[in-house]
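**Student:** In case you want the letters, here they are:
There are 2 protein chains.
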Amino acid sequence: MATASDGGGRPRSRPAVLGDVAALAGVSAMTVSRVLNTPDRVRAETRARVLAAVRELDYWPNSAARQLVTGRSGVLGVVSIDTTLYGPASTLYCIEQTARLSGYTVSIASLSALNRRSIEEGVHRLRSQSVDGVIIVAPHESAADGLRHLPPDLPVVAVDAGEHIPVPVAMVDQRAGAVRATRHLLSLGHETVWHLGGPADWIDASGRIEGWKSVLEAEGRPVPEPLRGDWSPRSGHQLGRRLAADPSVTAVFVGNDQMALGVLRAMREAGRRVPEDVSVVGFDDVPESAYFWPPLTTVRQDFREVGRHAFHLLLNRMAGEDGETRRLVEPDLVVRESTGSPKRA
Amino acid sequence: MATASDGGGRPRSRPAVLGDVAALAGVSAMTVSRVLNTPDRVRAETRARVLAAVRELDYWPNSAARQLVTGRSGVLGVVSIDTTLYGPASTLYCIEQTARLSGYTVSIASLSALNRRSIEEGVHRLRSQSVDGVIIVAPHESAADGLRHLPPDLPVVAVDAGEHIPVPVAMVDQRAGAVRATRHLLSLGHETVWHLGGPADWIDASGRIEGWKSVLEAEGRPVPEPLRGDWSPRSGHQLGRRLAADPSVTAVFVGNDQMALGVLRAMREAGRRVPEDVSVVGFDDVPESAYFWPPLTTVRQDFREVGRHAFHLLLNRMAGEDGETRRLVEPDLVVRESTGSPKRA
DNA sequence: ACCGTTCCTGTTAGCGTTATCGGGAAAGGG
DNA sequence: CCCTTTCCCGATAACGCTAACAGGAACGGT
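Sequence lines, in order, name chains E and U.
At the far end of the first sequence sits residue 748, using the working numbering, and the numbering has no gaps.
At the far end of the second sequence sits residue 748, using the working numbering, and the numbering has no gaps.
Since the hints were made in silico from the structure, they are not lab data.
All the given hints hold, so there is nothing to weed out.
Each pair of labels, with its calculated beta carbon distance range:
1. E:P554 to U:E448: 28 to 34 Å
2. E:R444 to U:P554: 26 to 32 Å
3. U:T728 to E:P698: 41 to 47 Å
4. E:R520 to U:T728: 38 to 44 Å
Treat the numbers as computed from the prediction; the structure is a model and nothing was measured.
Ideal Cβ positions, reconstructed from N, Cα and C, are used throughout, including at glycine.
Use the sequences and the hints to build the structure in full.
**Tutor:** Okay, structure coming up:
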């Protein structure tokens, strides 16, 4: 009984290790290890004795030692841009929730800038912490370059990446979302639809432009030159002024809800009513958008689903499989009060 | 030259280890270790030879082995509620940015529910990954209980915690923020200020209530019964209706920007103009709030500063110091267009 | 020439865990 | 009753790294 702790729950000098438990239970260290990892290979009675000793000493396995011999750490890395943004934050959150259910911990590397170097640096940081795999959330064209130059022995998947990259990808089908938004506006009777998109080098922005344009072209409508903002309400406001000044504009599909907020304000300031004079559709369905003025029609992305897919793709990859490489999640159109039929002059 | 890699950058069968580098450089393993950890204790020429070998073999230290012997992992844990919320997301982001500069990686454990058990479970998950310390972001009264029952040998600090807890705390001075908001409204000439606060068990909500109430009492103004929402625009909208229906309400201090958004809408729907009839102040300064209608006067929290403080408190704690235990960050009032002087009837 | 320092490097011994092999007891089959 | 199989458990040897000590060379001062 003269072990590190003597049963009273008194503070120990040094945390218990496998050997302490073994000694207290009167078995070998290997048996304790087996109780913890493959319990059914140990006789029930022995197992009970060992577990009692584990509790008695408040023993916790040392992950470093375990990792050293097994080669696995149970940690996944997530490399992501600014996790303050709604999309990346939601994705990260859902990845973590999913990973936890399978016993994985998540380490993060947030990027302030996005380019090949920063991605490599983020991946590298996680890698030198011996993560078992990495999920990269970098919805930027410039990320593609980083995704093509990854350490070959590290399992990696991406969220929101362009085509022609050598890793599996999970993402929302931006194109489909834009198609729905644009069709919705046309079906209300608008002659055509203007677009205020995100920055040129964002994957999501490109997908949304494509979808928007494809519908207009398929329907034989004029395709106005798209404007490009930077996702911020500020840029939505500035560019929204231009749209507001053009009386032929009756319907605008905006690349995200924040910019849409800016557009709503610009319209109001210009005396153009939404939706009577101009219809506006956003993208994302941030929690606030139902309380904009007017409540915003927008496209909802299911980040939970994206997180789940990304995780499972990574699991496959870690298992050495080279299966499915691209999983698209369908977005939903949420119709609120910022869209309506145009009023004929 | 018959080592694992033969210089051409050909794929290796197995990643290089310290011994491989040592062999290639013609030194002992210990010297390689020294080159990596205490470079100035190695002769320049030897160091160069070793570094060349490191690059040649693309050697990366094994963190598990290093951790096993040093006892340190270089990983910090962050236990946080829903990292989708603006505050926690910003805090997490800033903690990570700060930690990186000091060479630490951050692992996360997001909580969906907040209570003693979930906190313990989160801390435990990180702990069994051998983090060097933990930052808990749990701005809930119920978290206090969890904070009082932590493993004694684990360095922990909290962000946004109540009084009388046994760990260092970094947080925004909610009370001061509320004081500024309330004073601002009184200085505009309002007779008194109503308050729409957050949920009762949130630390931030309590602090804001206290600050608001203290100003009214100090000035001898009537103290209306505060309303309690749940931070969502929805609840702001619902409770905002009640305020809108009461003609004596001319100034409202709202617990966060999202609820303030709901209040703005409720006022508009009731035909009460902001700021002409009613002034509204929010809290947080989310990026959207400058584009609300009207642009929202609000209180800005400097999460970057909070993250920095939390990290440094944790560093101190890990170094065994028991220094400063509470660091408050001063918030700023951002005056926009949702506040003004009351119009006399 | 000698001795004490300082500088540089190597040897040895773990850190705490699991893989692997092997052996004894118990169980099953003839 | 013997032989095979199954079940449990233990001894040993890694895993890749660094702490601690030790020793040789070079250097300075006397």
